[in-house]
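K.L.:
Residue numbers (our numbering), protein chains in the order written: chain Y, 1 to 799; chain X, 1001 to 1137.
These are computed hints drawn from the structure, not numbers from a lab. Everything hinted at is true.
Selected chain X positions facing chain Y (Cβ under 8 Å, derived; list incomplete): (1) Val1071; (2) Met1076; (3) Gly1079; (4) Thr1091; (5) Leu1097; (6) Ala1100; (7) Val1102; (8) Ile1110; (9) Gly1113; (10) Pro1115.
Rough simulated footprint, nothing fancy, chain Y against chain X, three-plus residues with beta-carbon under 8 Å: (11) 1056 to 1070; (12) 1080 to 1090.
If you anchor each label on the Cβ, the simulated ranges turn out as follows: (13) Pro1118(X) / Arg154(Y): 36 to 46 Å; (14) Ala35(Y) / Pro1118(X): 50 to 60 Å; (15) Pro1118(X) / Leu47(Y): 44 to 54 Å; (16) Asp1116(X) / Asp110(Y): 39 to 49 Å; (17) Asp1116(X) / Asp338(Y): 21 to 31 Å; (18) Gly403(Y) / Asp1116(X): 34 to 44 Å; (19) Pro1118(X) / Thr161(Y): 29 to 39 Å; (20) Val1058(X) / Ser96(Y): 38 to 48 Å; (21) Ala426(Y) / Leu1133(X): 51 to 61 Å; (22) Glu1059(X) / Thr161(Y): 38 to 48 Å.
Quick reminder that beta carbons are idealized off the backbone N, C-alpha and C, glycines included.
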Amino acid sequence: MIRALFVLLALGWLVFALNGYVVGYDVLFVNGSSATYFFLGLDNGSLIPLVEPPPHYLVGTGERVEAELVYTEEGARAMVSAPREPTQAIPSRPVSGPLLVTLVAAKLADVSAEPYNVSYVHDVVFGPFPSMRHFWEYVLGGAVIIRPFYIHWRWLTLPRTGAQYCNTGDAFGSITIDVLNALYNTAGVGLPDRSYLVIVLNAQPPCYSSAAGMGTVGVVEYAASYGTVRVAVTQYYHYADWLTRVPDVNVFVHEFGHNLGLHHPGTLANEYDSVWDAVGGSGVFVRLSSWLGTTSYHISRGLSLPHLYYLGAGQFVGSGAGSWLVGPRSGVYLSASDGIYTVEYKCSGVYEQFLDWCGVVVHRVSSSASGRWVLFHTVLNVTGQFVSPVNFLDVGQSAWVTGQRVSVVWRNSTHARVVVGLPTLADVVGANATFVVGSRAAAVDSVAAVYARPAFSPTATFTLSVFQLGISNSRMFFNPLFAYLDDEQWLAQVRYYEDSAGARRLYPVRYPGVVVSVGGPLANSLTRALNPPDRSGAGGLPFYFDTAAGGIRDARTGQVWRGNAAVVAVVPNGSRVYVLVWGIGGEDTRRAARWLAECAPPRAYAVVINTTDFRVLASWPSGFEGASVCPGAVYAAAAVVGANAASIDAVGAAMATGGLGLLDSEAVFDRLPPYVFSVGGPLANSFTRLYNPPDRPGFGGLPFYYSTSRGGIVDGRTGALLCTSNCFVVAKLVDRGKAVMLAWGIGGDDTRAAAAYFYYYGRSLMGSQTSTARVVSWNYLSRDGYRYGLDFRTLASWP
Amino acid sequence: MKFWFLVLTVVVALVVAAVWLMSAPRESTPRTQQPPQTNNYPPTTQTQQTDKTPQQPVEVTWRGYIYARVVDFVNMTGGYTEWFFGFGNGTKVRLDLTNATVRLRDHFAIYVGNPDRPVYVRGVWNGTVLKALEIYD
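Go ahead and model the full structure; you've got the sequences and the hints to work with.
P.N.:
Shown next, in the form of structure tokens:
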């Protein structure tokens, strides 16, 4: 009987357990009062009012929470329970409230120099951004207040020389006790229990000739003259004169991290190897204008999630397989036999903004370690002396972590969407993507990419890091391309690391993004590599093109579809996530891309769809067959390419816009949306030719045209030949209430560059009320042989 | 005579049981019971690394605190951690964790530098360094 009751209760819990996101809105009344309403947002869009206000840190963050359905007099309400917490394998020792810090500048008896003004030292420790105080108060989310307990405003002369301290066998401890006694004897200051003592020395004792600083892990007991004192102590040694001009905030932050109980979170090879954590090697010189004027400051760049969690400032939104939105101070954990792996996203923040890259990083928390217990995990298997700057996942990248796929499909400056396990089609909708079409594919195949684009968002991420000391850091973004041909050299994201010998090395990766490969295995070599004909594809993808049958075959059932069918699949492979979109014919490919844009894909890894009615004919895994849910789409823009144009023209179209993807022969003016991008020159695209014919001025007096005799772009106002290579025309022409945007260059590469120009700088053209045009020259930016961006220079403009 | 043999058997059994209990591994010792201490003289100086007096290594079990400090080098290579065992009265000795078996209820990191979490360390004290064999609470 009791057992049955338990079963019923368990079933009831399952029925009423919910999870979703906490959202809220404010209503401001005319009389100045306001009311706030909170809801649990479910994945299907439903909003359930919350029975009571949720914790503030859950509202609007997109972090998944567990909730229960409760019944009240007003009806059903949701009650939020806290996000899931990891097991005790990740230690937690929260710190909060005021932390009392005593600051002393002390001179060794044999060194007379006073390298710093004590006020300077005060500002390094207690000043505004950047300072030790500011860093820890900031990264711990205001949970602590670092409060000066006592500041010794003049240099304290220690009773012993550096050598004498070394001869004690414990210079650190002896200096600490001498300082404790001196403070008590000269100023009557006895340090409070469990407070913090910062000692800045004017030199390095001989036995610490290599040391920059030292810190106790937590508190240590000392036998002072007035009794036993338990304090956390840091010591800083004057190891270089530049420290007087360049505030080394980082070393103070680092040592204080030890005081809070943290160890070095680097790799097994190098315990400092984590640029993502202040207690690792995150220090960087940044030129700032702050409390010491405009100068370089050596600052830290954030704290890893295991450390944040340990100190009570981090949390986990979930664990194991799923699609997780992780943000500042939050992440996901994966349990494994050798510890707990944490997955987090580092990008924005007062200190994190100085990271060279935004990325998802992984740490392993060892449950058995008796020393360092957080270890940086090298997700890309790049090993060496200092490899944490390259071992992160940008969007579209994927890695195995403790036997599970971890993929990053989307990110902005604060949050990232991380998929643990194999991503489904539903997971990749909205992903940051790059697009690839076959170089010899028919234009209709390629223009499908224009349809696919609205289902995703183009990747716009950094291509180059600074990684140079002494200059102001900023992430480098150079108008990267996100649409490519299958046989093309991609732009590179150039990362840097140090190899085992300590030499600086490049680690270029293909420009990030979920790679949307459009076109079938016979037209697109990337699709063919992942989903070859006549056999199952990467990762066991069961749908393939059967050349003998002339259709798509399901390897599980043997069923074949010979017409009006297409495959849409997500394929993680290597360190990337790919989306394949291809049909039996070019028109099927275009319809498949349109299905992505207009329908809600299921939580399947792959489907075969009927390209006429969008029914799902087969899914992998099975169970998602049937009618698609297609809310449809309103297209504000169209891209028109020449039916016989080179494929790269159509690739350019996907750079320019997402929307209707049309061939020039299909473009009927009255049926076009308000914005029409005509991509490709007058010789390749008849729609462009209507507005911008060769050898004469175009629509509305557009003076720039292609001269067939001179082989370049001519300005009809002067007759001057503006350029014959590496240049293009971009124009906005206002025609019968529609904006016709032209993007064409001398060659296909130039046309794609023109489309890229529209993406990055088109707003200034499109915002014009009247017709306008420019001729722009462009070049690839490159470094060490790797192309990483595009550079533009305006040659002429109209009017 | 018969009873005399029975009484002797019971007494022997009790003695054997008592000896067994005394020498039983820690897991069988109730948590409220003091651990066995084969040597109960902690050093009295602040730190013992300067005590060069040769001493016969003896196995000890001490109750106290685990302390650590980290040395960070300028060139960010070769940093290291020094470990100490403190008795709570300001007296500390160097601690060698190389061969220590950790049997703590919480993660080790919770105990380091934490005055609220004393531990027992069973190890070999040579007058300079306490070589920990087992750490438990």
